[in-house]
Each structure stands twice: as C-alpha cells, then as structure tokens.
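Number of protein chains: 2
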Amino acid sequence: MALKDELDIVIPTIRNLDFLEMWRPFFQPYHLIIVQDGDPSKTIKVPEGFDYELYNRNDINRVLGAKASCISFKDSACRCFGFMVSKKKYIYTIDDDCFVAKDPSGKDINALEQHIKNLLSPSTPYFFNTLYDPYREGTDFVRGYPFSLREGVTTAISHGLWLNIPDYDAPTQLVKPAERNTRYVDAVMTIPKGTLFPMCGMNLGFNRELIGPAMYFGLMGDGQPIGRYDDMWAGWCAKVICDHLGYGVKTGLPYIWHSKASNPFVNLKKEYKGIFWQEEIIPFFQKVSLPKECTTVEHCYIELAKQVKDKLNGVDPYFAKLADAMVQWIDAWSDINSPEGAKILANGPSKVSSRSSPAASK
Amino acid sequence: MALKDELDIVIPTIRNLDFLEMWRPFFQPYHLIIVQDGDPSKTIKVPEGFDYELYNRNDINRVLGAKASCISFKDSACRCFGFMVSKKKYIYTIDDDCFVAKDPSGKDINALEQHIKNLLSPSTPYFFNTLYDPYREGTDFVRGYPFSLREGVTTAISHGLWLNIPDYDAPTQLVKPAERNTRYVDAVMTIPKGTLFPMCGMNLGFNRELIGPAMYFGLMGDGQPIGRYDDMWAGWCAKVICDHLGYGVKTGLPYIWHSKASNPFVNLKKEYKGIFWQEEIIPFFQKVSLPKECTTVEHCYIELAKQVKDKLNGVDPYFAKLADAMVQWIDAWSDINSPEGAKILANGPSKVSSRSSPAASK
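From first to last, the protein sequence lines are chains Z and R.
According to our numbering, the first sequence is numbered sequentially starting from 1.
According to our numbering, the second sequence is numbered sequentially starting from 1001.
Keep in mind that a hint or two might mislead.
Said to hold, decoys possible - Derived BS3-like pairs: lysine-lysine, alpha-carbon spacing no greater than 25 Å straight-line:
| id | chain 1 | residue 1 | chain 2 | residue 2 |
| --- | --- | --- | --- | --- |
| 1 | R | K1107 | R | K1087 |
| 2 | R | K1292 | R | K1306 |
| 3 | R | K1309 | R | K1042 |
| 4 | R | K1102 | Z | K107 |
| 5 | R | K1176 | R | K1269 |
| 6 | Z | K260 | Z | K74 |
| 7 | R | K1074 | R | K1321 |
| 8 | R | K1287 | Z | K292 |
| 9 | Z | K176 | Z | K260 |
| 10 | R | K1306 | R | K1321 |
| 11 | Z | K107 | R | K1107 |
| 12 | Z | K287 | R | K1306 |
| 13 | R | K1074 | R | K1273 |
| 14 | Z | K4 | Z | K74 |
| 15 | R | K1102 | Z | K102 |
| 16 | Z | K42 | Z | K270 |
| 17 | R | K1309 | R | K1321 |
| 18 | Z | K287 | R | K1089 |
| 19 | Z | K270 | Z | K321 |
| 20 | Z | K67 | Z | K42 |
| 21 | Z | K102 | R | K1260 |
Said to hold, decoys possible - Partial list, derived from the structure: chain Z residues whose beta carbon lies under 10 Å from chain R:
| id | residue |
| --- | --- |
| 22 | F128 |
| 23 | P166 |
| 24 | Y229 |
| 25 | V266 |
| 26 | N267 |
Claimed, not checked - To list a few chain R residues with every Cβ distance to chain Z over 12 Å, as calculated:
| id | residue |
| --- | --- |
| 27 | T1190 |
| 28 | V1249 |
| 29 | A1320 |
| 30 | A1342 |
| 31 | L1345 |
Please keep in mind that the hints were generated in silico from the structure rather than gathered at the bench.
We put the CB at the ideal spot given by N, CA and C, even for glycine.
Generate the whole structure from the sequences, applying the supplied hints.
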C-alpha cells in the first residue's frame, strides 16, 4: 500500500533511539511528526534517513499563541498537536516504548499496514458478526446477518493492541505486576454503536479527515489534576461522535510489543482522580445525545463541550476548564486547517529533516 | 469440572454414528436428550455406554397433547423440546455434523468444558474490554474500565463457533462454495447490551434456569413457510430478554469442526423468505422495549409474543401464528416445569438408556 502521501506518523517524544531503528523498515517511507512532551531545551535525536518535523513547547506556543493552553505540557497528551498540524488524511500514533511485535509464526508484524487495512475496509456497528471482521480474507457475514447492512459504514478509528505489557491501570499493575499479555487474538472487530470502549493511544490509527477534530487528548500533565486519561477522553468523545455521524470504530489487530510497564506508583498518583471521576464520566457519555443539526465533527465537538461544562462541572471544576479547552482546540484546529493555516505553520517546527537532505541521502 | 448433574446435552437427531463416538471422551459423563427431528418410525442408534433419553414425534405429541403444535416437525428446531424437558441448570446443544476441532497446538478441543467456563464466569455487557474476556487467565480489565462494572453480570448464553464450514446463508454458500474457516481466534467476548447477533444453534450453551423459556426455536420445517431461522429467532428473543433482565451473552471459543456444508439450493428454498423478512424483524427487535414489570423470562416472553403479533403480522400472517406458538410454548414449559411436570413426563421418551444398564456396563 503506497499511502505515504496520505498518512503521517505522530509520536509524542522519543526517549529511546532504538525505537525508530526498530521501526525503520516500516516507518521510513512515511512522514513523522514528533511532538516533544517535555523540556524544550532538551534535544531529541532522530536517526538519519527519516523524514520528520519536530515541535517542542516553544514551537507550539509560537504556532498557537494564546490557544496553546489547550495543549498539554509534560504529558504525552501533547501528541494531539501533531494531529492538528498534519495535512494528511490518516494518522498513526504510537508511543516510543512500543516495538515491533511478532505474529505466532514468528514474523514481524507491520502494524501500520494492518491499521491501513482496518481503516480502508468498512465497519459494521449496527449488528454483530460472530466471525469478526467480515471484510477480512477467508471470512464473511454469517447466516442471519441482514443484507441491507453488509455494505457497512466508513471506518474512522483503528484501535490496535499490545503484546507483553498490557495496558492496565495502576491498581491492576500493583496487584498483578508480573502479568504479561501473551495471547495473540487473530481478530479485528467493530465496536457496536452505543457501546463505549477504553481507547488507548499507544497504537492507534484514525482517519483525520473524518474524526480528527474529536481526537483531542484533553488537559493532562503539568498543572493539571489528572494524567493517563488523555486517550480515554479522546476515545469517549470520538466514539460518541462516530456513533452520531455513522462512522465505524474497529479494535483488535495489529499488535505492537509494549516493552516496559510505566511505574505503577507514579501512575496511581496521575490516575487516582480519574478512577473515581470515570464512574460519573462514563455514564455521562453513555447517555449523551447530540442534536441532529450537528453534522460535522467540529459542530458535534462544540456541542459536547457545552454538555461537558453543564453536566460534569459538578464532578469537579476541572471539567469547566476542560470544556473551555475543547472549544479552544476546535478554534485552533479550524485556524490551522483553514486556507490561511499554511501561513500560521510557515515558521512552525523547530526541526525539520527530509530523506532528501544530504545527511539522509546515503 | 464435575457438572454432570447440572448439564444436559441436547441433540436434534443423530444421522451419523461416528458423531457420538468422536465425542465419547467428552460427552459420556453427561446425560443426552435426543429429539428426533423426522419420521418417528425410523430408529436412531445410540452407541453403548451413553446415558440418554430419546424423544420422537409420537413422544412429543403424547407429552404435550394439543400444545405439541408449538414444536417444529422435520426440522432441527425440534431441539427446543429437549430444553423444555431437561431438569438441569445448563444445556449444551450441538448438531450431529459437528465434530471435535483441534486448537492451533493440535490438541482436541473440549468444547463442553469451554462453554462451562464461559457460563460460570461473568459477562461485561455495559462497557467493552479491548483485551476480550477479562476473567480469562492471563488477562484482566484494561486501563479506563470502570471499577464499578468489574463484577460483571451473570452469563446466560455461551455461543461457540465453527472451524472448517462457516455458518453462511445460502447466497453466500452459493457465491463462495469453497470458503473454509481456518482462523482460530483465541477469544471469548461479551456481546454488548443493545447489540443483536446472529445466534447459531450448532454449538451453543446456555443457563436453562436463567434464560431457558426464551430458547424457543420457533415454527420451522414441515408445514411452515420458512426454515433455518430457528436459532436466529431464539437468538433475537433471548438477547433482548437478557439485555432487559441484566444477563450476559458471550461468543467466541469454543470451536467445533463443522464437517459438511448443507445443500445451498435446499437452504435457499428454506431461507429465502427469512432473507427479506429479517430486514424488518431485526429493526423490530432493535427497537423493542419490555416494560419494567416484566421480571421473569416467561413474563418477558409473553410480552414479546404480544408485540410480535402486533408489529410483525404486517410482514406476514406467519408471525401471528408464531406469536400464538410462543404463548403455547410458555404454557407447555410452565406445565412441564411445574411440580406436576414429573407426571406429564413419566411416560415420556420412547427410548431410555443409562450407563448402568446391562448393555452399557461393559
């Protein structure tokens, strides 16, 4: 699949030089957008031969001005800035502790290729197919599946999984420190309409044109009362909007190899408010209803921000601030993705490199 | 698991003597209820050593009297009579062209054991777990899964899958005669609340105490305008009722080896009305709502029968007849499962054999 002009890879910082080396066979044809999550004075080294642009906090401030406050600092949630400045149709985002996994036959898994397959084939949110993704080779819709639903709907999100270290919360990490995910489940499936899921940002593909403005990773990290809920927030919002607009969300393959567990004590500190807040947030998203007039993602998202402010402010004043940031995010997205956006971005990233640069040409 | 006193195996006829021989290591500890689907003058041979009771059409007529008309004739839908006369908590039902499958390591799959595991562990219908069944060994709930939902709900149905011949409708069989299911997906998952699925009766376990009265396989076969929708009908009704009563439905493992495809031309003749009817039936079941007062399966089912008569009669007068049969089924179920039920059944099956009989004692 020669989608290199249609997909950007967004990475929230790179601490590990091996990371890009390992992915080189799969990532090198694509453009990378690296969004440095921490201290902008530190330098991220990118191995030669990659085509990339790198944004640090100073760049984000310069590009977004006052609206930069909607982008998290010292947290991987900052990756959503990369979604905003991309000009491509598809995004793949991955964490720097995620390596190439092997399938049961021992072959390296090309995660990107599987995400693209997932995004290019339809989803089936209105009725469950017991043989999983009916569009995969060697399978189909089973007896009893309505023929009128067999065209499916356009897929907006492809949620990939993790071998080795599973994506557990701090309490589960603490209770089961030695648990490793060794089960390779050879399936892709649609998450049904009306069903929410915990979307993990470690290994995630999406159609930026369809759902990009809903992929806001919220206010986390520095100065915020919560962390590790950035992808969850994006997942709840995006799923509700996909359901409303008639887009599909798939989960399952591809797997990446999640190399190391983050510190459960640090995680607990970041998460603990989320752990009780989610008991109210999830019922809110399960009940939320968007008016028919909301026919664009931006419009849906602004409406959602309103309802967040209205209904979740009682949980914590943080949600009023978050609701304002949601609106700010959409403003910034609209600016940058307008015809004048190019001007805003002209002096954007602090570091740019392309494969055709002398350093990378050998 | 020594559940032999809690589970019956229900088989709608046995044409193939190899069938029980193949399953002997797994089935012999259990009691079998065989419901002969066709001509009662024909004799079904059961190999020695099995503990079973066999009902043919004459037996069904004798036991149910006028109410016997709710049980299909010359169709495997008759199996539900076996559900009704069982006295056990769990049922496993399987077709006689389903053999023991092998897992990827080459080991024989004990389908029954996996169904029991599925039925004894909870389901998670209110939120999607991306690592599939969180109660399986080596896995858990992922980050972002609400803790208040981690107890899950009681599982009522365990829907198993098929390697080799997939369960396709006649049009798909005709278009893809050579397609075989070779993909072993190592997963069990809950079908979310509010989502319907095509329930196949080939390899199915359920908790008879929780959902038995909803497992009516409808009016199919002899004298009826439709076939091959018996399990679908039971699936739609049972899922709607499970959702209403707060029970879970799981699908995935175990696999059986489905040995031969049924004739697609014969299937097309049986199915063709269902293929267009389902376009109206499924939206009906998607929208159906049961009143809060319906707190038992029987009550839910009678209410569903009313709504079927009311809403689907316009599709075809068959549905008014089916609605009457649904009520008759519940009447018969209640009779047989009442304290007086033993008397009704006293002279029930035409053939009974137990492992302790001389023929089986060697």
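To see whether the hints hold, each was checked on the structure:
no.	hint	result
1	R/K1107 - R/K1087	violated, 32 Å
2	R/K1292 - R/K1306	holds, 16 Å
3	R/K1309 - R/K1042	violated, 36 Å
4	R/K1102 - Z/K107	holds, 23 Å
5	R/K1176 - R/K1269	holds, 18 Å
6	Z/K260 - Z/K74	holds, 19 Å
7	R/K1074 - R/K1321	holds, 18 Å
8	R/K1287 - Z/K292	holds, 19 Å
9	Z/K176 - Z/K260	holds, 14 Å
10	R/K1306 - R/K1321	holds, 11 Å
11	Z/K107 - R/K1107	holds, 23 Å
12	Z/K287 - R/K1306	violated, 29 Å
13	R/K1074 - R/K1273	holds, 18 Å
14	Z/K4 - Z/K74	violated, 30 Å
15	R/K1102 - Z/K102	holds, 23 Å
16	Z/K42 - Z/K270	holds, 24 Å
17	R/K1309 - R/K1321	holds, 8 Å
18	Z/K287 - R/K1089	violated, 36 Å
19	Z/K270 - Z/K321	holds, 18 Å
20	Z/K67 - Z/K42	holds, 24 Å
21	Z/K102 - R/K1260	violated, 34 Å
22	F128	holds, 4 Å
23	P166	holds, 6 Å
24	Y229	holds, 7 Å
25	V266	violated, 14 Å
26	N267	holds, 9 Å
27	T1190	violated, 10 Å
28	V1249	violated, 10 Å
29	A1320	holds, 22 Å
30	A1342	holds, 37 Å
31	L1345	holds, 33 Å
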